[in-house]
Each structure stands twice: as structure tokens, then as C-alpha cells.
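Please work from the sequences and hints to get the whole structure.
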Amino acid sequence: MKNQILIIDDEPDAIRFIEAILSDVGDFDCVAASDGDEGLKAARKNPPQLIILDVMMPRKDGFKVFYELKESENTRDIPIIMLTGVADKAGIRFVKKDMQDYMGKEPVDYIEKPLDPDRLKRTVRNIFNI
Amino acid sequence: MSSSIQHLLALSHLIGLRPDTPHVLSQIAYHTRLAMKSEMSTLALYDKITNEIYYQVHWQGNKKSESFIRTNPDHGSLIWCIQHHRLLDIRDPSNDPRFNPENDAPDSKQVRSVLAIPVQGRLSTIGVLRVMNKRTAKAFSRYDEKILTLFAGYAALLLDNERLFEENISRETLSNIGQNILNSAHGLKNLLNNIDGGAYIVERSVQNKSMEGVHEGWDILKRNSQRLRDVVLDMLLYSRPRETDFHLTDINHLCSELIILMKDSAARDHVEMAIEADDRIGKICLDHKAVSRGLMNLLGNAVFACQSKGGGKVLLSTQLVDDETFKIIVKDDGCGIPVENLAHIFDVFFTTKGSKGTGLGLAVSKKIITEHGGTLEVESEVGAGSTFTMTFPRTGRGQWGRPKARNTGELAL
Chain A
1 MKNQILIIDD EPDAIRFIEA ILSDVGDFDC VAASDGDEGL KAARKNPPQL
51 IILDVMMPRK DGFKVFYELK ESENTRDIPI IMLTGVADKA GIRFVKKDMQ
101 DYMGKEPVDY IEKPLDPDRL KRTVRNIFNI
Chain B
1001 MSSSIQHLLA LSHLIGLRPD TPHVLSQIAY HTRLAMKSEM STLALYDKIT
1051 NEIYYQVHWQ GNKKSESFIR TNPDHGSLIW CIQHHRLLDI RDPSNDPRFN
1101 PENDAPDSKQ VRSVLAIPVQ GRLSTIGVLR VMNKRTAKAF SRYDEKILTL
1151 FAGYAALLLD NERLFEENIS RETLSNIGQN ILNSAHGLKN LLNNIDGGAY
1201 IVERSVQNKS MEGVHEGWDI LKRNSQRLRD VVLDMLLYSR PRETDFHLTD
1251 INHLCSELII LMKDSAARDH VEMAIEADDR IGKICLDHKA VSRGLMNLLG
1301 NAVFACQSKG GGKVLLSTQL VDDETFKIIV KDDGCGIPVE NLAHIFDVFF
1351 TTKGSKGTGL GLAVSKKIIT EHGGTLEVES EVGAGSTFTM TFPRTGRGQW
1401 GRPKARNTGE LAL
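Listed in order, the protein sequences are those of chains A and B. So the first sequence is residues 1 to 130, counted in this note's numbering. So the second sequence is residues 1001 to 1413, counted in this note's numbering.
Keep in mind that the hints were calculated from the coordinates and are not lab data. As the structure is a computational prediction, the values presented were derived from the model and not from experiment.
Only pairs whose alpha carbons sit at most 30 Å apart, straight line, appear in this in silico BS3-like list of lysine-lysine:
hint, chain 1, residue 1, chain 2, residue 2
1, B, Lys1327, B, Lys1289
2, A, Lys121, A, Lys41
3, A, Lys45, B, Lys1309
4, A, Lys121, A, Lys45
5, A, Lys64, B, Lys1353
6, A, Lys60, B, Lys1331
7, A, Lys121, A, Lys60
8, B, Lys1353, A, Lys105
9, B, Lys1222, A, Lys121
10, A, Lys45, A, Lys64
11, B, Lys1353, A, Lys41
12, A, Lys105, B, Lys1189
This is how it looks when you write it as C-alpha cells:
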């Protein structure tokens, strides 16, 4: 069975970019959600093997989605890659530490936009051991 | 309580007040004279770069005089004090080369004794504090030296405090601008990300010889470079001093052009656009390009508000109010604006659209309308929709007809 990857981002063009990168890594079943609530619903209904989550989204931002995913037993162990356009390196360290303190959990990787396709590929390969 | 402590206390009350440097300077000299029981007191400020005394406040009895002089007194007690970084005690002025009657005794009143000390700030010498003629004795005592040292220390504290306070205010403004740039950088990075994505898809599709993929990537590229262009234009429009370009313009024609331009793409999102024009308005002198940019931002928001509700209607109407005023109204039945956001919608870089917004649209619209001597008001109800009303003067009033030559940017919030 194919591994399923859920992409949560409010930009359809960004989702297409990620799908294109992923299809160069392997044969995945990609599911897209355009906001936090839609993403949470999809993750709960059919837990994927990886979630790629954008931080800056209207209504429910990526951090809230992250915490809600980690709070529920169903979705707690799904690896998450977070994408952001806003943080600098110090900011990312701070956020990761905050997540670690709060939940004992942190994203597998925290990647800045504009995306470096090679970095995303490396991280995804590591997660699936390919 | 001894008199010198009372006067120190009076000075210490100045620390918590709103900065008012002239007042602080005058109060320092005033209380120093009283505490020292002297006939005269002077507080002078020193400019290290030009080696000049550039300001002094002088108390003689209860008479105050201020002077904004830029002098480089080669000699005299004030400059001596600064150059030697130490206390100066003159007991026989007429025979002391450090005393200069020209610079030191403004009205040639006989000076018997002088005590002066540098006011040493945290970073540099701020100035000099000086008293002349002890009232109760022939000269100043060792005890007086200590009191004057204490007052000079207080003066340094107060003046450093004033400077820090003022610098802090400007730094706060700067950090606001920094925060704003960070916010807009996020929107820009998203667009750059999409452009990278388009290029990535084109490239791999060329390799895979997939014409379909090339088209898809190309569309992403085009769409996002267009968006990037809009954002950058808005930023320029907002921040750069801009030459206004006023022409007689048919406002109804301008409005219907905009509707034609936007109608089709709005319809794809189930948003209907309509216009109701008041023919009585006639031609108006305005900056055609700027006003259509401002209107387009408002219409774009209205469409977005309807879109997020699944569809709706946007009505653009013009209305003659009286001989002197007319209105342009953008009304939608979209999602509406929550009360807590209403106060911020005209702020630069405020956005609720996530990565789709730059936070510039409404700020730009408002700036353009203000430049035309008009006002922009909003009424909104969550779930029911919003109405933006622009009121413009129709004939030469206010800035009207004589546009400012230069409209400075408003980034310094």
C-alpha cells in the first residue's frame, strides 16, 4: 500500500509545488487540505504516514493544528514537517524548544519558505527510509 | 530636612516625568543655586564634536536667562572645567587666569568666588554646572564641593535619562517598522515560494517531456509573478513619495471599467458584480491611476469576503450628494468584519487573509483617498457584509485642485 502524505497549506500553488517534489521522491498518495480545520478532519478520519503543515494560515494557524494533532492519541505519532515563511533561525529554535517543553514533541523538520526542494526530499527520504 | 536635600528631592521628582529637556535644565540650575546658597548658577551644555558650549541657562537671583550660543570660549571657567575634567574652585577671580570676565560674568557683576564641576554623562561630558558668589561666606567650602558634586551627578542622571527616553521613542517606532517589514516579508516569501514551485514544475516537466506539466507550471509562474507585481506596486505606492497626476476623469466610466475587468474572475467564484452609476456627477479632477488602484483594492476585498462565504454580490455605486460632494460606495454581502478587527483594517500590514493578503490594500486605498481630500468609512456586520463609503469633494476644496506637490510616505507610523 502507498504511503499517504497530508499537505495542509492555504496556497493551492504551494501544494502543487510540494506534490511535485514528493513525486520525485517516491510514489505517494498525496491528500491536500486548504486550512487547519480541514486538515485536522482529514488526519483524524484517515491518519496519514506524514503531514506537511504550513504555519501561516488564516483562522487556525499551523501551531494550533500541531498541538491539536499531538493532543489526540490517533494522530499523536504522525511525523510532521512544518513550513514557514516568517521565522528566522533563532525564531525556529525558539519555537522548537517551546513545542518540546509544551508537548515533549516537536516537528521532524522545520523548513523555511521559499522551499529548498532538496531539503524536503532528504527529510522525506529519512522518514520513509528510502 | 536640610535645604540641599530638599532641593535634591525636588530634582528627583523630575525623573519620572514626560521628557522636557529645557525645563529639566532650568530646574537643575535653579535648585543648585538655592541648595548652594549662591547668588548665581549656570548649567552649560557642551558639544564634544565642535568643542563648543552650545547652550546655557543662568540664574541670577530669581532672574533666569537662557542663551543658545555657539561659542568656543578659549578660556573661562566653563571650558576649563570640561578640558580638565575636574572641579574648579576660584577664590580670587581677578587674579586667576582660569577666570575670564568676558565669558564668565555676563553683566560684569563683581564675582568673588566660583565653583564649577563637569556634568559627566554615561558616554561623554554633557556640560558644566557652576555656582558663583556664596551668599553666606567669602568662598565655597569643602562641604559645598561635595554638594555641587552631588548635584552634578543628579544633573547627569536626569539628562542621560532625557536622552535615553527620546532615543527609545524613536527606537520603538523603528521596531514597529521592523515588525511590519517582517509581516510583509512573509507574504512575499510565499509568493517567491510559489514562483519557485512553478519553475520547478516547468523544469521537471521539460525533462519528462510532459507538455501538460509545462503548462501547469507556467500558469503558476504567471499567476504568482502577477501577484508579486501587485504587492510591490502597492508597497511603492504606499511608501514612496509619489507625484500625483490629476486629470479630469469620468468617475462612472472608471468604475464600469473596473467592474468589466474584475467581473469574469469573480463570477468563477460565484460572486456577482454590479454597478449603479449616478450620471449627475460629471467629470472630476483626480489621479486616475491612483483612484482605480484604490478602488480595485476595495473591490478585491469585497469579492474575497463573498468568496469566503461561498459566493455573493458586490455592488459598486456612485452618488452625487450635493454640489460639492459625491460618494463611491462598495457594498458586499460577504462574511463581514469582526468588531475586534475593524479598528485595524486600515493599518499597514494588517491582514486576515493569511498568505493571500499583504496588509497593504486598504492602507493604500485610504492613503489615496486622503490625498484626494476625501474620507473612507466602513460599516460591517459579521455574516451580513460590509459597506465601504468614500466621500470626495467634487470641486476645488481642501487639497482639491491643488494637490500636494509631494506626498511623503507614511511608513513612519
